[in-house]
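**Q** The residues making up each chain are set out below.
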Amino acid sequence: MREISKLVLVLSLICGISAAALTIVRVSLEERIDMQNDFYVRGPALEQLFQKPANDVLKNKIAFAIDDITYPIFYMTDGDMITGLAIEAPGRGGYAGDIIIMMGIDTEAEKIIGLEIIQHSETPGVGSKVEKVSFRKQWCNLGISESFELRTHGGIIDAISGATYSSNAVVDGTNRVKSIINDHLDEIESLIQANLD
Amino acid sequence: MSYKKVLLHGLWQDLPPFRLVLGLCPALAVTASIENGLGMGLAATFVLIFSNMLISMLRNIIPDQVRIACFIVLIATLVVIVEMVMKAYFFPLSQQLGIYIPLIVVNCIILGRAEAFASRNPVLLSMADGLSIGIGFTLSLSLVGSIREILGAGTWFGIPLFGSNFEPFEFMIKAPGAFLCLGILLGLMNAYSRKRGESIIQT
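In the order they appear, the protein sequences are chains A and B. Going by the working numbering, the residue at position 196 of the first sequence is 196; the numbering climbs one at a time, nothing skipped. Converting from the second sequence to the working numbering requires adding 1000 to each position, the first position being numbered 1.
By construction, these hints were calculated from the structure, which means they are not laboratory data. Warning: the hint list may mix true and false statements.
[Claimed, not checked] Derived lysine-lysine pairs resembling PhoX-like cross-links, with alpha carbons at most 25 Å apart:
| no. | chain 1 | residue 1 | chain 2 | residue 2 |
| --- | --- | --- | --- | --- |
| 1 | B | Lys1174 | A | Lys132 |
| 2 | A | Lys61 | B | Lys1087 |
| 3 | A | Lys111 | A | Lys137 |
Owing to the predicted nature of the structure, the values given are computational and were not obtained by experimental measurement.
So that you can see chain B by itself, here it is in the shape it has in the complex (with noise of 0.2 Å):
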């Protein structure tokens, strides 16, 4: 496999959460701002370069048959760490995160990478993908993101964006508006593919 094509199947062909259908969980939960999504989808991709790197690098060592119990105690380590480092430098970030940042350990995705991909492909290669797979988390996150806080408290970044007329949509920043909005997202996804003639559709 080419650098080119394990860089850029993250941002469509493989893009999570939409095209994966993993992640769900902190694509829902954290997304109220873009701030949070954004925070969340650099932490994550963190934890996914470097959860690819160290497995790569132990993929000759480590027995198959131990191999999920080592893969959980590399993530689980680096997690830790990443929620360590938010503690000390971006407070207020990790408290609005809060339970979300150390749930990253089980995160489908990273999880995911590390046995289809990371066990199997050299170190670089394995970066690559990590890399490639966590920008894409990032930027859907950022994505639903923004169409919610834009639209649940008319904001970006905490910037108001409309006159003080505005009555913000507020539904979008509550639980249901994240499946509202993720709903959508997917469904506008899988027309555009359909449209394209790719085989893969979410159904």
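Okay, chain A solo, but in the shape it has when bound (with noise of 0.2 Å):
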């Protein structure tokens, strides 16, 4: 028995120990981690979103929470009005992890601009074909009233032959944004307004 007490304390304590250390290093590095995803990662979808140099729209930034969950938040402005959103939200479901998407959403005429894919772990050749331009332009120019769906659920959306759940988690965070802009713009409107004054 307590030699058996002994195997588990040690290990716990190791583990305790490693996680300890691992936290410290997380909570430190955290700033500039998401620093460096501003520029080697959203820096170039926002230029293909709006068309503009990534470093006019990344200081755009506003961080949006709710349900536990903060999405990032890019906004352009024409003077006092708000003319388009890049909002970053986890597709949940996919084949190795969240499928991180970044919508970009004209608020005049309250359609899609673009989707980008900011960040995915799925199968090489296969799940990250999410990524190829003939996927993601499925939902430029939609309204962002409806919900979005897969061809096989009754939507419109073209899944990636062999890559079911790849498409799904798509789909799903792109109805997060949705749901988020239909919901909550009053919300992130004012929040900008702040940002702005």
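Build the complex from these two chains, which are given one at a time in their own frames, with help from the hints.
**A** Structural data, given as structure tokens:
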């Protein structure tokens, strides 16, 4: 019995100390990792969506928190008017974890201007095809009032063959953005106004 | 064992991946350019030195029955630290190496050195062993990476080496090129060892 409790004690102690070390490193590097992400991943995506230099858009950033998830939101303005939003959201149910997407929305015309994949760990050559323009462009110019569904579920989005999970995760992410826009647009706008002032 | 012997054994006698034939997965997968090979080698070296140090420090505390679990926890912790530091300071490299950085956890070389060396030798000697094997691994990956990048893309560290008339041998930077390159290098090394009359020849 004493033998076993020693085994348990040593292993738990090592695990505990490792966890503590990782937490410290994570907390101290989090901000820098986020900055690098802005520069190398979000910047190019925003350039694609708004056709403006990344530096002009990256600084227009707010964080909108709801249901324990924080959504980074970038905005474009024309004077005092908000003309475009880019909302980053996790798509749940990917084959290897969440697929982080960013959806660009023209708030005046109330339609989608583009979809970018920010981060994924899907299988190269199969699920990774969600990055392809041919898949992403299906969202372009769609309205934001209705939910998106795969064609197999009666919607209009064609899934990538062999990668239903990955396609579904992207659809989930876009639906998340859609419901944020539909339910919380006023809150987001007031957050942005506060940020502008 | 003397420090000199420990420091030198990773450079020829136990040179990974060629002589140990361990750690072949990263040697094949991330060596499409020298930059990737070098980055992968340095990350693995860092993990090796510190995992050897920690395991050697704890070698009298860790009970034999749970040693593998303890080793894996320690190695995994170091690997995640390396991954986060890379993301914070070398983001493009970390994106290129991608999944292979977390996979250092299951790199046979690191667990192999922990089990075969660090768990039965003093701290400084174990760190020397980690350094030696790590440098050997880094040099090997850089060599494979250089050959593949020079032949396959006509560049070295991204700098064009030949004129614009050079038609790169693209096959070399694709997966089959890795096998070809590694196989030829292994063959040459075995031929050399045989000529020197050494006993360890991988067959």
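**Q** Give a verdict on every hint.
**A** Cross-check of the supplied hints:
| no. | hint | verdict |
| --- | --- | --- |
| 1 | B:Lys1174 to A:Lys132 | holds (21 Å) |
| 2 | A:Lys61 to B:Lys1087 | holds (21 Å) |
| 3 | A:Lys111 to A:Lys137 | holds (13 Å) |
The structure fails none of the hints (numbered hints given earlier).
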